[in-house]
Amino acid sequence: MPVRQREKPFGFPKPETPHGEIVILEERCKGCGFCIEYCPHDVLVLSKKFNAKGYHPPEVVKAELCVDCGFCRMICPEFAIYTYELKTGEKP
Amino acid sequence: MSVLSELQKASLSPTPDFHPENHPMDDFLRMDRMPHIWCSTCGIGVSVNCFAKALEKCQIPLDQVVVVSGIGCTGRVAGYVKVDSFHTTHGRAIPFATGMKLANPKLKVIVFSGDGDIIAIGGNHFINAARRNIDITVICVNNFNYAMTGGQLASTTPEGSVLSTSPFGSYEFPFNLPFLAESVGAVYVARWTSLHVYNQTVSMVEALKKPGFSFIEVIAPCPTIFERQQKMGDGLDRLRWYCENSDIRNGASTKDVDIRLRDRMVVGKFVDVERPTYLEAMNAHYRERLGSKYKDYEG
Chain S
1 MPVRQREKPF GFPKPETPHG EIVILEERCK GCGFCIEYCP HDVLVLSKKF
51 NAKGYHPPEV VKAELCVDCG FCRMICPEFA IYTYELKTGE KP
Chain C
1 MSVLSELQKA SLSPTPDFHP ENHPMDDFLR MDRMPHIWCS TCGIGVSVNC
51 FAKALEKCQI PLDQVVVVSG IGCTGRVAGY VKVDSFHTTH GRAIPFATGM
101 KLANPKLKVI VFSGDGDIIA IGGNHFINAA RRNIDITVIC VNNFNYAMTG
151 GQLASTTPEG SVLSTSPFGS YEFPFNLPFL AESVGAVYVA RWTSLHVYNQ
201 TVSMVEALKK PGFSFIEVIA PCPTIFERQQ KMGDGLDRLR WYCENSDIRN
251 GASTKDVDIR LRDRMVVGKF VDVERPTYLE AMNAHYRERL GSKYKDYEG
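Chain order of the listed sequences is S and C.
Its first residue numbered 1, the first sequence is counted upward by one per residue in this note's numbering.
Its first residue numbered 1, the second sequence is counted upward by one per residue in this note's numbering.
Okay, chain S solo, but in the shape it has when bound (with noise of 0.2 Å):
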């Protein structure tokens, strides 16, 4: 049976949306552009400043719509990014 139709008549609550805390080490950052390129609600964007090596890092700004999905974090090749979750209840 679908879930959709298993909870209605018994009340269950809508699951949540897991909500996520985006860090960026934007000095080990090489400026690719995978995370902003495959984030699914684009999250990210480049941004106009320089890190140390000459590269534009990433910046966040859409931070409330970030799901801890991970992907970012699996395609960047120079260990420069994670998403964590936050605790249910305490949205950013």
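Since the hints were derived computationally from the structure, they do not count as laboratory data.
Remember, it's a predicted structure, so these values are computed and weren't measured experimentally.
Heads up, the beta-carbon is just placed ideally off N, CA and C, and yes, glycines get one too.
Check each hint, because a few of them may be wrong.
[Stated by the list, open to error] Here are some chain S residues pointing at chain C (derived, C-beta under 10 Å):
#1 25
#2 31
#3 37
#4 62
[What the hints assert, rightly or not] Heads up, simulated DSS-like pairs for lysine-lysine below, C-alpha to C-alpha not over 27 Å straight-line:
#5 62/S x 49/S
#6 53/S x 231/C
#7 53/S x 82/C
#8 87/S x 14/S
#9 108/C x 82/C
#10 57/C x 210/C
#11 87/S x 57/C
#12 106/C x 82/C
#13 210/C x 108/C
Chain C: place on chain S using the hints.
Showing chain C alone in chain S's frame:
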């Protein structure tokens, strides 16, 4: 980081036993050797991420893991991961791994190297280890050339590619790696690109759990040499190209999965069969021949 997010971080507590100031990969990497030498938009770091995730999912204790690499861009992996690792001579990663596996069969031995190392110079070792079905996992990051030495023609370069030793285009027939691995007896063969991170991780988990010679080919962009010489843009353009032009076909016949330069390519898990490993076959054979006089070899 903005002041607002600092304030939010101070007021919110993340899950226990997690330190938000450290990257989760920091425990797995030798941080004194960072930053690594791989170019911007290179795909090797993605494979290292997937490999760390796969080890975490398998829950193998890190003191039982050995990473062996040869020479080349991908050969640097052995220097960067914080497990027991061996950076061996050119092409001889698989013989080192074979020796280590036979000396101590309890170890999980992973060969993490490039196509020029495993297939071109170590090609003979590759086919013989697969024939014997030594219980190792081979992760071959394929970027279609010898990248570290300046972009020479490799045995996996697709026909028509312009490289520094083929300025008018390559005319050699390249290897089809999954077909080669299957024909010489590998029990697990998969191919993914740098874009398919979760598929790659699942494949690595399956390969680590599989007894026998398992082979994973990872197609990675080489923005500085291969993509630049073919005028294919940088690594990000290449990942977009992978997204549009790769078909996931699990269980496809490996004969049909050869790569052409600007043609669609097939990715997926191609082979997953059972076959006795080298040590199992040896123990079974001697038990049959010598009877109770023979004691099973366990390292």
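Pairwise hint evaluation, residue 210/C against residue 57/C, where the allowed Cα distance is 27 Å at most: Given pair residue 57/C, residue 210/C holds - Cα atoms ~14 Å apart, limit 27 Å.
27 Å Cα cutoff - pair residue 87/S, residue 57/C: 23 Å, holds
Distance restraint between residue 53/S and residue 82/C, which requires alpha-carbon spacing of 27 Å or less: 25 Å, holds
Residue 25/S as an interface hint toward chain C, with CB separation required under 10 Å: With a minimum Cβ separation of about 6 Å from chain C (threshold 10 Å), the hint on residue 25/S holds.
Evaluation of the interface hint that places residue 31/S against chain C, nearest CB under 10 Å: 6 Å, holds
Satisfaction of the residue 37/S interface hint, Cβ to chain C closer than 10 Å: 6 Å, holds
Pairwise hint evaluation, residue 108/C against residue 210/C, where the allowed Cα distance is 27 Å at most: 11 Å, holds
Pair hint residue 106/C and residue 82/C, alpha-carbon separation not exceeding 27 Å: 19 Å, holds
27 Å Cα cutoff - pair residue 87/S, residue 14/S: 17 Å, holds
Hinted pair residue 62/S and residue 49/S, Cα distance within 27 Å: Holds, at about 18 Å.
27 Å Cα cutoff - pair residue 53/S, residue 231/C: 26 Å, holds
Residue 62/S as chain C interface residue, shortest Cβ-Cβ below 10 Å: This interface hint is violated because 12 Å lies over the 10 Å limit.
Figure legend: structure checked against the earlier numbered hints; the only hint not met is number 4.
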